[in-house]
Amino acid sequence: AQSVTQLGSHVSVSEGALVLLRCNYSSSVPPYLFWYVQYPNQGLQLLLKYTSAATLVKGINGFEAEFKKSETSFHLTKPSAHMSDAAEYFCAVRRGDSSYKLIFGSGTRLLVRP
Amino acid sequence: SQTIHQWPATLVQPVGSPLSLECTVEGTSNPNLYWYRQAAGRGLQLLFYSVGIGQISSEVPQNLSASRPQDRQFILSSKKLLLSDSGFYLCAWSPQGNTEAFFGQGTRLTVV
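Residue numbers (my numbering), protein chains in the order written: chain A, 1061 to 1174; chain B, 671 to 782.
With the rest of the complex left out, here is chain B (with noise of 0.2 Å):
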C-alpha cells in the first residue's frame, strides 16, 4: 500500500532562517506531488505541484520554493523565512489521472 511521510510535525525557527521541509511518498511511482499551505482560520492554498523530477509549477509567488530531486521525493525551501510564513504545511500526492489526493500528517511552522 501507498503511504506519505512528511516531517517534521512541528518546528520553530526564527525570522531570517532559512527552512527544509520533506516529504516522501512509498509504494507508487511517478506520482503527482502537492505542497499546501494552511494559515489559521483559512483554507488551503496550494504552493506548489509537481508532475515529475525536477518539474515544479508555483502557484503563488511567495518567499518559499520547491524541488523533486527523486522521483517520491518533495522538499519545500526558504532561504529566509517570515514571520508570514507560519502556519500547518500539508504534502499530498495523487496517482497520475483524475483522481483525489493524499496527505501527509502535517508540519506546524512556527516563525518567530
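Next comes chain A alone, as it looks inside the complex (with noise of 0.2 Å):
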C-alpha cells in the first residue's frame, strides 16, 4: 500500500526567506507524486506533479519540487516566500500501475512572517 508522511504539521518562515515543505513516500511501485496547496474553506489546488518524467518538477506560483528514489521523497521548495503563500499544502501520491486511488499526507500549514 502506498503512504505519505509529511514531516512538521507547522512551518513558519520569513517573507523573503526559502520555504522548505518536506514528503516523504512509500509505495511498492513507481508512484505519482502531487502537491497541492488549500487556502481557508475552498477547494484543493494543484501545484505540481511529478510523472516520471524530469526529477525536478516546477509549478505555479513559483514553486518547485524534487523527487529523490534514493530518499523516497519529494519536497516542495520556494527559494523566496510571499505572504500569499501562506496556506495549506499536501503531497499525495498515486500508485504508478492504473490504481486509482489519490492518497494524502496530513498537510503542513505555511506560516509566513513580514
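What the hints contain is simulated information worked out from the structure, not anything from laboratory work. One or more hints might be untrue.
[Stated by the list, open to error] Here are the computed lysine to aspartate or glutamate pairs in the EDC-like style, where the Cα-Cα straight-line distance is at most 16 Å:
| # | chain 1 | residue 1 | chain 2 | residue 2 |
| --- | --- | --- | --- | --- |
| 1 | A | K1161 | B | E770 |
| 2 | A | K1109 | B | E770 |
| 3 | A | K1161 | A | E1148 |
Assembly of the complex is requested from the two constituent chains, each provided in isolation within its own frame, with the hints serving as guidance.
And the structure:
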C-alpha cells in the first residue's frame, strides 16, 4: 500500500526566506506524486506533479519539487516566500500501475511572517 | 473545459438527521470520482471512489455511503448523522489514467 508522510504540521518562515516543505512516500511500485495547496474554506489546487519524467518539477507560483528515489522524498521548495503563500500544503501519492487511489499526507500549514 | 460543482457550501444538521451531498462534473466523460473528508487539523481521508456508474469502493467503514447514479454525478449520503460526521467534505474527479485529481470547493458540515 502506498502512503505519504509530511514532516512538520506547521512551518513558519519570514517573508523572502526559503520555503521547504518535506514529503516522504512509500509505494510498492513507482509512484506518481503531487503537491496541492489549500486556502481557508476552499478546495485543493494542484501546484505540481511528478509522473516519471524529469525529477525536478516546476509548478505554479514559483514552487518546485525534486523527486529523489533513493531518499523516497518529494520535498517542495520556493526560493523566496511571499505573504500570499500562507496556506496549507498537501503531498499526495498515486501508484503508477493504474491504481485509482490518490492518498494524501496530513498536511503542512505554512505561516509567513512579515 | 471541465468543471466540478459541489453543493451546498455549508450545512448544519442535527444528530440523527439524514444527509445528501451532491457533486457533478461537466465537460468530461467517464471520470474517476472521489469523496474525501477533512476533519479539523487533520489531513484528507479518502472515503469513497468510483471508476464507473454503480461502481463504488469504500475505504473506511463508517456511517456514510456513496452512490453514482449517472456518469458525472456522485452523491454522499447518510441515514442518521453522528457528531463525528462533522468536517469538510471534498469531491474530486480525475480523468481515466494516472493523472492528478481536480477538487470542488467543498462542503462544511456541522452536526449539532
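Evaluation of the provided hints:
With a C-alpha separation of about 11 Å, the suggested pair K1161(A) and E770(B) falls inside the 16 Å cut-off, and the hint holds. Under the criterion of a C-alpha separation no larger than 16 Å, the hint pairing K1109(A) with E770(B) is consistent with the structure, at around 8 Å. Distance hint between K1161(A) and E1148(A) is unfulfilled; the C-alpha atoms sit about 21 Å from each other, more than 16 Å.
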